[in-house]
Every structure is written in structure tokens, then in C-alpha cells.
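Participant: This is what each chain is made of:
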Amino acid sequence: MLITLTCYAPNAPEVGYLLAKNPDSVFEREFSAGQVWVFYPEVAEDHITVALLTEIDPVGLVRGPAALTQLDQYVNDRPYVSTSLTSVALHTAFATALAGRNKERPERLNERMRWVVALPAVACDGGEDLMARLFTPLGYTLTATRHPLDSSFLAWGASDIYSVRLEGEQTVRDVLGHLYVLLPVLDNSKHYYVDREETEKLLDHGGAWLALHPERELIARRYLRYKRTLISSALERLAALDVPIEPEVEANGSETSDEAAGASELAREPGVGLHEQRLQAVLAAIRESNAHSLVDLGCGEGKLLQLALKERQLTRILGVDVSSLALARARRRLHWETMPPAQRARIDIVQGSLLYRDNRLAGFDVAALVEVIEHLDAPRLSAMERVVFEHARPRRVIVTTPNREYNVHWETLGSERLRHSDHRFEWTRAEGRAWAERMSATYHYEVTQQEIGAAEPEIGAPSQLFIFDQR
Amino acid sequence: MAGRKERTSPSISTTITIPDLCLVVLIGASGSGKSTFAARHFQPTEVLSSDQYRGVVGDDPNDQTVTKAAFDALHYIAGLRLALGRIAVIDATNVKPQDRAPLVRLAHEHDVHAVAIVLNLDEAICVERNAARPDRQFGAQVVRNHIQSLRRGIRGLEREGFRRVYTLNSLEAVNAAQIVREPLWSDRRSESGPFDIIGDIHGCYDELTELLGALGYVEDAEAGLRHPAGRRVIFLGDLVDRGPKIIAVTQLVMRMVAAGQAFCVPGNHDMKLERYLRGRQVQVSHGLAESVAQINALPEDVRAAWTQQFRAFADGLISHLVLDGGALVVAHAGMKEAYQGRASGRVRAFALYGETTGETDEFGLPVRADWAADYRGKATVVYGHTPVPEALWLNNTINIDTGCVFGGRLTALRWPERELVSVPARAVYAQPVRPLLAPDVAASGDHSGDTLLRIEDVQGKQIVTTRLMKNIIIEEDRTAAALEVMSRFALDPRWLIYLPPTMSPSETTIQPGWLEYPTEAFAYYRQQGISSVVCEEKHMGSRAVLILCRDGEAAARRFGVPAESVPGVCYTRTGRRFFDDDALDRELITRLSTALTAAGFWERYETDWVCLDAELLPWSAKAQGLLHEQYAPVAVAGHVALSAALASVASARQRALPEAPSAALDALSARLREREDDITRYTAAYRRYCWEVDGLQGVRIAPFHLLATEGKTYLDRDHRWHMTELAQLAEADPLFLATRHREVRLLDQEECAAASEWWAEMTEQGGEGMVVKPLDFIARGSRGLIQPAVKCHGREYLRIIYGPDYTEPANLERLRKRGLTGKRVLALREFALGVESLERFIRREPLWRVHQAVFAVLALESEPVDPRL
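Sequence lines, in order, name chains A and B.
Take the first sequence: its letter number 53 is residue 71 in our numbering, and every next letter is one higher.
Take the second sequence: its letter number 167 is residue 814 in our numbering, and every next letter is one higher.
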């Protein structure tokens, strides 16, 4: 809605010429997302303050050409906070200064002056830390004030809305360029692009300073962060009725994709490499069983499937997951469309649920449930047990699940928190053993229990592994 | 006769009789006139010719190089036709056994008979015909080879698996041949009853006559027994063995069948006895010994006559019967859908023994596959064979063998009434090899049976048949989304008997300053021909469905959940538990259940449980996420940004500026003030729906539909009734909140105006608005089902939907354009599905049937419809 820039310099009113806006008039213009005004709240010999005020058309955001989808919300902070739309307004008002051109006072273009930028409302999920990472390397000192969510309900805590003040020695071109590029990066929400191409050009405006910015990868990633897929939209609609549905992805390994980077905030298991160890342990158990066929129940984005394909003795592999989104990622990971026919003939991926009896799951030598059962509500485990042990009934069932006792080993978790926001429970080793023994007795399987990862005294290893063999 | 091997010597016969579902294989040399013959006797679509398929796959009907592909296509299409129950006629030379083998296999796969029609003509005729055709210029040698192969094979055709073989040995015979199609033996669809279907009798003659007496049959000189009202009996077989009077039983049954007063299907014991009487080697056990003893005790002449009669009778029995227009199927041991109306060895085996897994249990008896649990057919299947303690419906099938000979009961099912009538056994005549399944283990037709759902009942494209709207189609991408939500978040499906439908708003109003106004809601219903509506205050909370049971045992009994569970549930519109906190959930349910007990609710409604549709307040109890991520941040950002903007403008205004910029700043300032006013009103709007709760302290539940109790739904009661009944709950516990409401006669202008005023008053004080419902719960108009409810939101409330500034005239103008058609179609379909799931539950249909309708509501909710409507 508003940003103000105050410049402290001798003969300050000349800065108005640099910006190509007369300090004694009010500039007003429509732009694609609404309207923009430029005026000067203060003009003195040693300093000058320019205000850029934008009014975003809230109905146009949802119904106009700028709308990303028809389903966006009218109740939206976009009109009030600084966003990519502010950048567009900035460009509308100060195009020549941004481009580093000026006819009247070209000699002052490269003059470094003291600037104070006030951003009264910024939405930033990354907090002061992120703001500092973005602006400090560029030579600003940053002051941020965080606002409570609602002064009538202080119990709700703090919001992600900040009032921010930036101060630093900059050229006029740089201060505008910094804001132009970094305001959308700060912002936590969907970007409403007036024109997608234009936005992608934003990065170009960074010029030399962006290439040297230590956080340039973060900057680039946050631009691309909210790429939306059609698959997720149906789920989102359901989520909107109730409570948000988080993408069911665990970033335990070395994940580089943009989506996974977003999702990793949900996974709190810090053990880098643990998931790799877990998969190796599962693979060992598959090899040891002389299996020719494998069904990966809850295959997620297909890490185990990828490894299983390299096991030549496995002639039939089926990946099953309840999440269409995860399956789409698994297909991408496995290069589904370009997979050689001989490999493609060995593997299939289908949507399925562990809570519904499914004939497609029957007839496999081995079923693997890697970090799956803890995502089911405890009262629904019995349905999963029957689907797997009674009906799918593979020769061998391999189950991994966290060892809750180990969580204290990780400072970020402690004894109370679970490793993933979607975990419905995590078992101690004794709880895991009791469950496994019950499965063994009810469904006539022999069970052996192993640990995965380096064991600590008292609390054991991070992960539990159960191998069930049909009697 | 009767579906069994049939030998014909039709060389002189010119009448060819074929079942109306079969695979007809024409056999004849090139030039023998098969295509002409086929065209004369069959529809073009029924005939699949090899020439035609060579053309289909390879462009040229005479191109022999594409023969393999042509036959692959032909076999595939023939298979599809047979699967759909349509005759297929194969027009190809088919002169070699290896050409015919895949066709016989195809017939077997689809459980239909293969019929061979051989055109056995002289070489000269064929050669001459070919010569007349420019496209068949191959030598006479080809035809000669054909004829040689054909004649070598003719006598082996039956051995190859053809059930009927007709050979036409001359041009005259070919030209004179007539084809008569007859229904399959099992096809008795024209018999519509009424019937009395009786399960395994096993020689229990006294019980049989007692049961027939109870059913109203009286003595008759010809038939032995006859029903004065023309009802007829269907005997499900196993007349003999184990019991005391097999001769009397068989004599009565044979007499009634002969007199057209009864039908009978064979049981495995009947057929085993028949084989024994034919002198075959059979093991005399499982009760056959009793039959043999009773037969041997007969005087010589009686015995011979009975034996002859029984053998003929048993030999003529058809494996299963399809009756009453296809609505009823009877067979001794049941009949899965794919086999109904088909004829093959395995169909007959299924009818006699049911489906077995090939294993035997600890008693040495075959382990049965649970075909009834998998049954999804439309026809009702009535069967016996496996004694059960009680006849129970499962998936539209019922086993009525209640083990009379083991001291149980002899049971009849009255059709079409579907009533059970039974008489107790007078003695225990035999001991079962394996104990009868205990009632709690037996698969029963409601939630106490096997409640593991199957993926095929929900995945992929689904069609749900509802009482209110016939077939509702759910597309595959919707069911995929619902599968994930149902699996990851929903409650145990045993509790999910209903999900509430979405609700459409009224049309937008043209009244300046307003987006919605009651006038439009009233006009909608008036237009639909509704005379009275009920206006109910809309509480701003979260939709909640409550199921409350008298106690844990009642919950276990009716919902099949563990008895130690909390005696009820409270869930959201997506089937998710309302409160994540176990203790709070338990406290809520227990408290309300206790309140209902104290209020005498259970006695008053003669029930152990109740299902309520309600709104749970405050909104902030469930909407924390929305408030924290959307509503509150917008308010904070708005206040902060607007006050900063106003301060900047004020500061600029204090500078000495020319007139034009000063005026521009004044205008800008006024504009910002308006928006500040909007954000203040917006903040006030959402804050009204928020208050702190501590446990249940502060929580309110406003029920507006009393959906169902044991054995009934209340969808036939009007909303006046619902409001009145539910108001009484508020007296039972202050947690319940009564809903303000009023009835409006739509033709009375004053009443309408007064209701609008009532609404305006409520909403200007911060109320969400009201819901307008036709007085009847289910209302129909000339164009079918009418919206069960239309909501009309208040002006201030709408700020949290359309944004703080939606009341700006320019914004209102644009917002007025909104399409409601999609939303309304959806609302109706979801309503029909919700009603359907409740009614299925009340009828004690199996869980998968209830779940299917509930799942469909969730799937429809993933449709892309403007979420703000």
C-alpha cells in the first residue's frame, strides 16, 4: 500500500528530478492492478521524503486478468502489504530511475546518499532473519517491528506482519532496484503477477548486485516457490472446507526440487542420511528374502522404487500411494515417460489406500511400508493391518517406523514433539514390539526386530525395522 | 435335457435350435455359402466374419497375410459381445480343430454354449461359387483341402466341446434350414411369482408341511399342496439325505413341480443321490446313508417307481433360475453375478457347491470363498447350502438354510415381500460336521458384519443410485481426491453415515448497498411453487454432525465399533473428527449423551442413538487456521498500512502546495478514510464470531436437523417439526442452542417484509444471516428436486467473504455477477447422496453401500466451484 523513501543529501529537492517526479505535484496513474500515487510528505534542503502509494483493486485480483485462478480469496492482505504488485507500481512510477537514466541531473545518478526506506506493512514468514539475510549484505541496517495477530485476542500470538525500516548508503538506482527485486522475495504469499513474463524479468533488474548476493539462490527459489500443479488443486479445494492439507512429502534425503524445499519445513527429523540408511536396510531385507516381486505401500515420491528397479531379481514392482501428488512426483523421479520398455514392464504405480481392501496388492513376495504407518490415525491401524496381513498377505512384510525414544537426541525435537507434522503417533521400541507381536500372533507371521541408525545407550537407534515372514 | 449334454442327429432336420445367448460357429469350405447363410438368419451386427476383419485390420478382405491380426480382433469383439450377453456368430471356414479350439475356449470363458453349424457341401458347388467371384481366384485345391479337413473333423465336434452340432449336408438342407432361438433353461424371467422360497429340507417332511401350512398352502388332489392365491414354491435343493423322510419330501416336491405349483433347483445332495442311483461310485457319507436306508426300506415296486421318477426329476433340474424379470436369482449354493443366466460346467458347480478356495478346513470341509461379500449384482440371490443360525441379508443376497435337519429351523422367504417365515425343527436329526457359525462371526447385512471396505467400491468413476435423483456420476479425479482425504483424515467409516451437502446462496440483489437480501431467496422458492418456507437464523460457527449413543454398548451394537469407544462422534463436513483433543471429544460426547438420557430422549424416540446436523460455535474453535493465516493478518496489515498512508498524506498536505495537488491529496485522504472505515468494520465482523473457549466452556451446539434414530429418518417431517423437537434439547443441556426461526407464507407480502426486517435486524447486529428452507424437508417442484435450503448472508458478514471493501459501489457492481448454477446442481446432488446414505444405514444395508454414498459427497466437494458461494 505504502512505501516511503527518505533521502538525506545536500540539495535534497534535486532527488525529485532524479526520480522524475516534481516534489510540488501529486502524480497519479492507473496501472494493471489498480492505482498508484507519488507525492512528497516532506521536502527540505537536507532531506526529502517521497511516498509511493498503491491501491490494489481487490475484486480485480480475483476476477481480473491478474488472477492466478478463479478460486482466490477476496479477503487478502495484498492490497495492504508490499508485494510483487508494489514492484510493478514502483516500475510504473520510477521507470527511468530504475533503468539508471536521467536527463537533468545525470551526474547524481551514481552518487551514494543516505536513504531511509519505511515499509509500514510487510508480510514475511521468514521473519527478521530472512529480512536481514536479504538486506544486510546490500549495506542496510534493518529495524523490524512485529505486530500481534489481533490486539483483542493476544493469546493468538504474533502475526507475520512487520513494519520495517531500512537505512543505508545507496545510489538512487540501487535503492529502487533492491526494493523492486526483494519485495516479492520477502513476501510469503502467492504472487499475483500482472504478467508472468514480466515477473520473470524481475530477476534481470537485479543487475550486478544480485549476482554477488550471497543469498541469490534463496532469492531465485522463493520466486518459483508457488508453482501450482493441477493435481493439487482438487485437494486444495477440499482443504479449504476444513483445515489445510499439507503435502505428504518427507524430505529426509538430499532433495533439491523446489517443492520439496517448501515441504521440508514440515519434516523435523534432522538425521541427514538416516533415510538413506533406512532404505538400505529395507533393500537388504528384500534381497535376503529372495523375492521376485515387491509392493511398496505408501511409496511416496518413489525413492525406494528407484532403488528397487536396480535390483535385477525383482521382476514385478508396484508402487502404491494415496496421494496423487506424490505419485506424480514419483513418476517424475523415475522418468516415467521415457523409461525403457524393459524397465517399464517391471514396474507400475497406482493410487491406493491402505485402509481399503485391494486385490491389486495381493500376490507379492514382499510388501514394504517405509515410514508409513505413523501417518495413519491409531484407530484406523486395524484396517491397514487387515489389508496388509490378511488380504494382501505377502510372504514378507517389512515395516519401518520412528523410535520415539530417540527424539530426545535431537535438540530441535526433544521428548514431546513428533518428527513430522503429519505423524499421528510415534512408538517407543516397546510399543513397536508389542504391536509387531500382536501382528505376528494374529496373522501367523514370524517377526524379527532391528534398529536402523547408530544406537545410543538407553534410547536406542533412530528408527525401528520389523520383518514379518509368513509361517 | 436341460442344459446338460444334448445330442442331436439333425442331418435331416431343418430346424436348428440355439439358445438365445451362445457362440455360433459356422463351419464350411470357402464357397459353401456361410456368409449368405449368416445374413439370412442373423442380424448383421451378430455376425463376425473373418473376411470383414481382414478388411478392418488390413484394408483388404482377401489379404491372407493379416489373418492372425484379423482373428485376434474377431475373438476380442466376440468376447465382448458374449460378456455383454449377446449372441456372436463366427463366419469363417473353421474347418480345422485348431481353428475351432480358441472359439470353444471363448465360449467356456463366458459360460455360454458353443453351437456348431456345419455346411457340408460338395466340392463342385463351392468351386463353382468361387469361380463366380472375381476376388476368389484361387484353385480348386484350396476348396478340396477345406472339405477334407472338415469331413475329417465332423464327428469329433462334440468332443471338441460343442454342445450342439447341426450338419447340413445338401444345398436343399442349407436352404431349408430354420433357426429357432429359445431362452436358456435358466431364463424364467417371465415368471414373476409371488413365490415362497424354501431352503434345505433334508428329509424334514413334517416341518415342510407345517411351513407350507403356515404359508397358506392347502391340500390339493393334483399337486398335493397348492396356494389358493396362486403363490408358488421354489425349493432350493438338498431335499434328501440326513433327515428322516426323504421319500415323502421328494414325492411332494416332484408332485408340486409336475403340477406347475413349484420350481426346484438341484442341491449337491440331490445330485449325489442321483449318481448313486445311476450306479456310479460315490462315497456313502454325509447323510447319504440315511437316504439309502430309507430307499431300501421301500417295497420293491414302490422303490423302482420312485427311483425311476427321482432320477428323471433330478436329471432335469436346471442349475439356477433367473426369475421375476431378472430381479430374483435362486440357486442351491448361490450364484455370482457373472454366472447368472449362463450355462457351463463351472456355473453348475457354483450352483451346487458355491465357490470354494480349493482348501479344506480343520473339519475336512471345503473352505468357501465369500462370494456373497463380494456380490454387487442388481438381482437378489436367494440360496441355501451352508447352514446359518439366522437368515441375514448381505449385499442383496440371503442364505435361508437355517439348518432344520440339525435342529435349527426350516425357513421360507416370501417374494416379493422379502419376509421370512420359519418353523422350528421337531428334533435334531443330524449333527453338523462343523459347528454352525456363531451369529457374531456370520457375515451380516449391517455394520456388525465385516467392515473392511474395498477399494473398487470407491475408486475410479463411480455411479451411485439414489432415491431422490437416480444415478449420480462421480468422475475419477474426484474420487481420487476423496480417497486421499478419506484415508488420511476421516473418522472410522463405521461412524460416517452422513455428510452434509453444500448450500447455495440466494441470487444477488439489486438493492443498492446490498449484495444479498431475503427478497431473492423468497422469490426463488415462490418461483418453484413453494407456498411456505421456514427462515432459520444462521449461526456462524462450523458445520458439525453429531452421533450420540445411549452408551458404549449401544454404539458397539449399532455402529460395530469397540464397546469401550466414546459413545458417539462429532465430525466436520469432510468427515474429520471435530476436536483433535481426545479428552475434549470424550467430554463433549459423554456430556450430551448423558443429557439426552436425563431428558428421556431415548425412550421418547425408542432408540439408542441419534444423528444430528448442527453448527458448532464459536467459529474460532475450528477456524484457528483461517483466522491466523488469513483473517487476522489482513486486519493487522490493513490497519497498519492505512494509518501510515493517512499520516503520509496528512504530512504532505501540510506543505505549501498549489491548489491542484492539494485537492488531489484531500481526495486521496477521503478515499483512505473510507477504506479505514471498511477495515474497521471487517475486523469487527470476524471478531464477533470469535471468543475464547476453555474446554467446553464457551462451546455451543445449534442442531437444526434431527436426521435419524434407530429404524427411521426424519426426512419426511417438515422443518417446523425439526425446530420444535430440537428446541427441547436446549432445555436438556445449555450446551445446546435453540435456533431462532419463523415461518413465512410466500404469497403474503407482509410476512415476507417482516421476515426481511427480522433478518436485517439480526445481521446488522453481526449475525451471519439466515437459511431459507421449504417447509418440507424434501421438496419437489414441476422440474424435480428443489434446493433444500438457500442461504442469505448479512451485509457485515459478507465482508469476511468478499473483502473489507466489497460494499464500495464499483465493487458491488462487479460482485453481483455470480453464477449459481454449478453450486445449485452440486447442492442437490450432495443432498440426494446424504439422504441416500442415511436411508441405506437405516435399512441396515452393508457398510460399503453406506460408505459409497458418503464417499461420493466428499468426492463432489472437490469439484471446482467458487468457494465463496
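Read the hints as simulated data drawn from the structure, not as lab findings.
All values reported here derive from a predicted model rather than from experimental measurement.
Some hints here could point you the wrong way.
[What the hints assert, rightly or not] Cβ-Cβ distance ranges computed for the label pairs, FRET-style:
no., chain 1, residue 1, chain 2, residue 2, range
1, A, His462, B, Gly1466, 56 to 62 Å
2, B, Ala1310, A, Asp147, 41 to 47 Å
3, A, Trp354, B, Leu731, 54 to 60 Å
4, A, Pro397, B, Asn1118, 32 to 38 Å
5, A, Thr446, B, Glu1390, 40 to 46 Å
6, A, Ala238, B, Gly705, 54 to 60 Å
7, B, Gln690, A, Asn308, 42 to 48 Å
Glycine included, C-beta positions come from ideal geometry on N, C-alpha and C.
Participant: Taking each numbered hint in turn, which are not upheld by the structure, reported in ascending numerical order?
Facilitator: Of the numbered hints given earlier, those the structure breaks are 3, 5, 7, listed in rising order.
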